[in-house]
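Participant: Based on these hints, arrange chain B on the given structure of chain A.
So the chains spell out like this:
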Amino acid sequence: MKVPTPATLVAICLLMIAGLLVAGCTTTEQAPETTTLTVFTAASLTGAFTDIGKAYEAQNENVKVDFVFDGSQTLRTQIEQGANADIFVSASTKHMKALQDGGFMENSTVTPFLGNSLALIVPVENQAGIAGVADLNKPGVKLVIGTKDVPFGDYTRQMLDKMAADPAYGQAYKDAVMKNVVSEETAVSSVVPKLALGEADAAIVYKSDVSKDDLTKVTRFDIPAEYNVVATYPLGILAESASKTEAASFIAFVRGPDGSAILTEYGFDPISG
Amino acid sequence: MLWRAVLTLLTAALLALFLLFITLPVASLFLRISPEEFLSSLTEPVVLDALSLSFVTATVSTVIVVLFGTPLALVNARRDYRGRELVDTLTDLPIVLPPAVAGLALLMAFGRRGVVGQYLDLFGIQIGFTTLAVVMAQVFVASPFYIRQARASFEAVDSLYEDAARTLGASPGTVALRITIPLAQAGLVSGAILSFARALGEFGATIMFAGNFQGRTQTMPLAIYTTMQGDMNAAISLSIILVVISFAVISAVKIVTRRKY
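Protein chains in written order, with our numbering: chain A, 1 to 273; chain B, 1001 to 1261.
Excised from the complex, chain A in its bound form (with noise of 0.2 Å):
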């Protein structure tokens, strides 16, 4: 092979940075009139807020609707690190404050919109025998919860206080069953596939986690209302959002009829506003 002349690799720089421009150009540019709503959603509404951003696509065409689905404080973490999202819609209270607090927030926009609560699961086969959460402390159950920052571990830390709290389980069933935990999941969409896998014998998930299709692999057990923990779900606009008027009105969808129909599907109790 002949070596090229230095011109000729002049000319391969010069070609490479064209590329790159051309190619940062391209990204940047828009087919005019669409938008694209970026939707930081809590991983336990993948499957309601997949379905509410095609029905809303289909009523709105020049609305593109992105989602990043995963657990809150992930979220949380990265819009504190300064990612850019129009919606922030999270599982929890604390963390939607958290932002609220560090100025991330069109505070006037932010508002509760959902209740969930958390429920028991285990695989159909239920090798452990559980038939309640009155089960979670016997030795050698294998336990999956959250850990204490992703919103739903952290309802279940607060329902087991509640548990403990009564003289009827006391601090002795707190512990037995923390003693049980084999796994801290960072999402709570990582613990239906380990249950419906027969991998673990328990976990407390959302009342909402269960799809129909889960119903054949996994069994699910309410958690008496005296120590359940109801999540309440806000969402709101964040302050750097470039596109505010079309974040309300997705949101507005959300809260609609349409919205609260396939929420209350999934098994939310979506609040009216």
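In case anyone wonders, no lab produced these hints; they're calculated from the structure.
Since this is a predicted model, take the numbers as computed values, not measurements.
Just to be clear, a hint being listed does not mean it is correct.
[Said to hold, decoys possible] With a Cα cut of at most 20 Å, we get these calculated DMTMM-like pairs of lysine to aspartate or glutamate:
| no. | chain 1 | residue 1 | chain 2 | residue 2 |
| --- | --- | --- | --- | --- |
| 1 | A | Lys94 | B | Asp1231 |
| 2 | A | Lys148 | B | Asp1163 |
| 3 | A | Lys64 | A | Asp258 |
[What the hints assert, rightly or not] Computed far set for chain A versus chain B, every beta-carbon distance over 12 Å:
| no. | residue |
| --- | --- |
| 4 | Asn60 |
| 5 | Val63 |
| 6 | Gly71 |
| 7 | Ala134 |
| 8 | Ala165 |
| 9 | Ala172 |
| 10 | Ala176 |
| 11 | Glu185 |
| 12 | Leu215 |
| 13 | Glu226 |
| 14 | Val229 |
Here a beta-carbon is modelled for each residue, glycine too, at the ideal position from N, C-alpha and C.
Facilitator: For chain B alone, kept in the frame of chain A given last:
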């Protein structure tokens, strides 16, 4: 002359830009935490547990990889048999497999209802959520780094020496232990170091197959992911430790391989 100057300038600009792209994020880790905060988070149980668990598991998995990988690499370097390329491809596979695939594959094989796991379960053996699962995930993803390097090092050994030993009456085992392995030593050591580093950094397969529990399955990368959501200082401190180790590992490999000839 002008062309040359322009070329030099352009090359320098591209090089500088790229170096900046790599060093800036790494340097930012060090800039986002004060030395006091770094030292104080080193005493947090979540950090200490992750450190010791990572070192123990990565060491154990490297030992396993070396024990099983060395004979395999030696056979593939010296013997020509039917299916050798297939064996080679299979042992290389984990390098290109996304860790998520590795994690799912391990779960399907060794999970409680897995292809193998369901029989282990009959004997009361459950691998998921244990430290053993962490080691298995690490061996799975890290083994190719050692085996590839070992095979290349064995191939680089001149078979003249082995032939000479054999004509003097040395058994195949003696030839391997006294001639081939000592001559390939530098490559074997650098392969083992790389494999150790890969095991230390393993994340995806571990969190899927072994779960996330402090002191039992929460290695450094898992602890970084978990603490990032509540205790950023702990996450940054662990990241800094991993950066320092990675730098040391690459330097060690460079030093070891330079000594070779």
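Participant: None of the hints should be skipped; say for each whether it holds.
Facilitator: Taking the hints in turn, this is what the structure says about them:
no.	hint	verdict
1	A:Lys94 to B:Asp1231	15 Å, holds
2	A:Lys148 to B:Asp1163	63 Å, violated
3	A:Lys64 to A:Asp258	17 Å, holds
4	Asn60	33 Å, holds
5	Val63	30 Å, holds
6	Gly71	7 Å, violated
7	Ala134	23 Å, holds
8	Ala165	25 Å, holds
9	Ala172	21 Å, holds
10	Ala176	16 Å, holds
11	Glu185	6 Å, violated
12	Leu215	18 Å, holds
13	Glu226	29 Å, holds
14	Val229	19 Å, holds
Checked against the numbered hints given earlier, this structure breaks hints 2, 6 and 11; the rest are met.
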